[in-house]
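Residue numbers (our numbering), protein chains in the order written: chain A, 1 to 271; chain B, 1001 to 1261.
Treat the hints as calculated values from the structure; they're not laboratory data.
Hints are not guaranteed to be accurate.
Said to hold, decoys possible - 16 angstroms max Cα-Cα, derived EDC-like pairs, lysine to aspartate or glutamate:
1. B:LYS1055 - B:ASP1038
2. B:LYS1055 - A:GLU3
3. A:LYS213 - B:ASP1139
4. B:LYS1182 - B:GLU1170
5. B:LYS1138 - B:ASP1121
6. A:LYS213 - B:GLU1100
7. A:LYS213 - B:ASP1094
8. B:LYS1119 - B:GLU1144
9. A:LYS34 - B:ASP1092
10. A:LYS34 - A:ASP171
11. B:LYS1055 - B:GLU1170
12. A:LYS151 - B:ASP1121
13. A:LYS34 - B:ASP1094
14. B:LYS1111 - B:ASP1133
15. A:LYS213 - B:ASP1029
16. A:LYS213 - B:GLU1170
17. A:LYS151 - B:GLU1100
18. B:LYS1111 - B:ASP1139
19. B:LYS1138 - B:ASP1178
A quick note: this is a predicted structure, and the numbers were derived from the prediction, not measured.
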Amino acid sequence: MAELLSYGFMQNALIAAVLVSLAAGVIGTLVVLKRMVFISGGVAHTAYGGVGLAFYLGVNPVLGAVTFSLLASFLMGYIQRQTRQRQDTLIGVMWAIGMAIGIIFADMTPGYKADLMSYLFGSILAVTKTDLWLMLGVDILVIALVAVFYKELQATAFDETFARVRNLPVDLLYLILIALIGLAVVMLMRVVGLIMIIALLTVPAAIGTLFLKNMRHIMWLATGLSLVFTIGGLVISYFFNLTSGATIILFSGVVYLIALVVHRFCQRCPK
Amino acid sequence: MLDHIHKNNYLVEINQLNAGYNHDIVLSDINLTINPNDFIGLIGPNGGGKTTLLKVVLGLLAPQSGTIRVMGQSPQEGRRHIGYVPQFTVFDHDFPITVEEVVKMGRLSGKRLFQSFTKEDHDIVQEKLAWVDLLEHKDRALRELSGGQRQRVYIARALATEPELLLLDEPTISVDYDSRTKIYDLLHMINQRGVTILLVSHDLNVISIYVKSVACLNRDLHYHGEKEITKEMLQATYRCPVELIAHGLPHRVLAEHKEGR
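All chains should be modelled from the sequences, with the hints used to inform the complete structure.
Here's what the structure looks like:
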């Protein structure tokens, strides 16, 4: 274990786990409570189009991912707000088209493309110093905005109509939230890959909602759980020589199932 | 509160209003004025436009034609004086939140975005929790409460906005008989304390006991500012012949409970 910690990439991975868990816990709670899981999945997959395009143009893939992710966030948010019907169809179509764009650009890019896979399945061990600084920046933005607008975000998540009648800036808050989801998605992509982002965004918060009655507490618990899942999954994957992203997700999935069973038979838990 | 400014004015004034969705006209030529201290029961069949009328009053749906003023202002401006209790079905009952947190939402407003809750907010929240008899449950999770208790939480939240007008959309749907009585008694008490009430319900019998005046809505509105429901009003509203149960019933049944509550 001590030997494990002596590697630079392992230290980076652990710092990344902490940084990613903060965003996953805070944003994930809002995603779960606002029922935006499907949109988040759509944003994650559309972002792959940006990764492919960035590879093709020879620029930093994170830049492409952020651009596509934010564009997808706003577009999907707009669809969600404006269109009365078939929102899930439109989001599902964008989801697939984003992936397709990424793959086509990857095809058109000559040379070695193994790194593209790391965006699909994640590679927390390949996180660089630059990545860490970016993650820290996203964390600060996420925590600052959620702290400032906590009451209002809670009110809109619980009952948007009432919030609107109180003249809260419901649409602006939604825009802020969906942009934060877009940024969190790019961050999580480095760790678990875009295919499995939904799990890390939702499982910790979903466990929290099973047992706690306060959104702030759920955010803290989700952050803690997310940290346990990423570091636990990382350690397991190291000793059994498995893919880290998938191990993290499978670990969290198992804990979620256990939590569901415990909640089912727990007398004092809120039902 | 702005009573002093609007003392002689109507809380809500609607003139020749048409409203609906796309080509679907749900409200046609509505005229309605709400006087201070009134307790209006708005009845009508499902799909008759009751919820749509509330949306127009709350500035959530723009009328297609006609005018509406709330506290002498546009609905978007004036709605800050309205305490709104939405229909029960719109809520996610699993949402992890405590009773007190829900009621505190009544203290939020677009003008106080970057401010924390004050001592005054706290006191108002405690007072309204006491009004609805839920002070001892304030730290409980909303999802642990019964349907009737939850409805009272939403009423407390609306009251925490310190409204001139309380707007309730079917507040007694899906609650049991005892809770229903408790809610109506509560509304009566609130009205006594000077809050005007507009109550939407499909429950003609109950509404007639508690309210001060009745309006019937089915695309068009029949309202005379009085408590008597006439056979003609009901027939026009429900579009079918209505038999009132006893002779001379409107006066008898509706006047009978006038004092008791």
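So which of those numbered hints doesn't the model satisfy? 1, 2, 8, 14, 15, 16, 18 and 19
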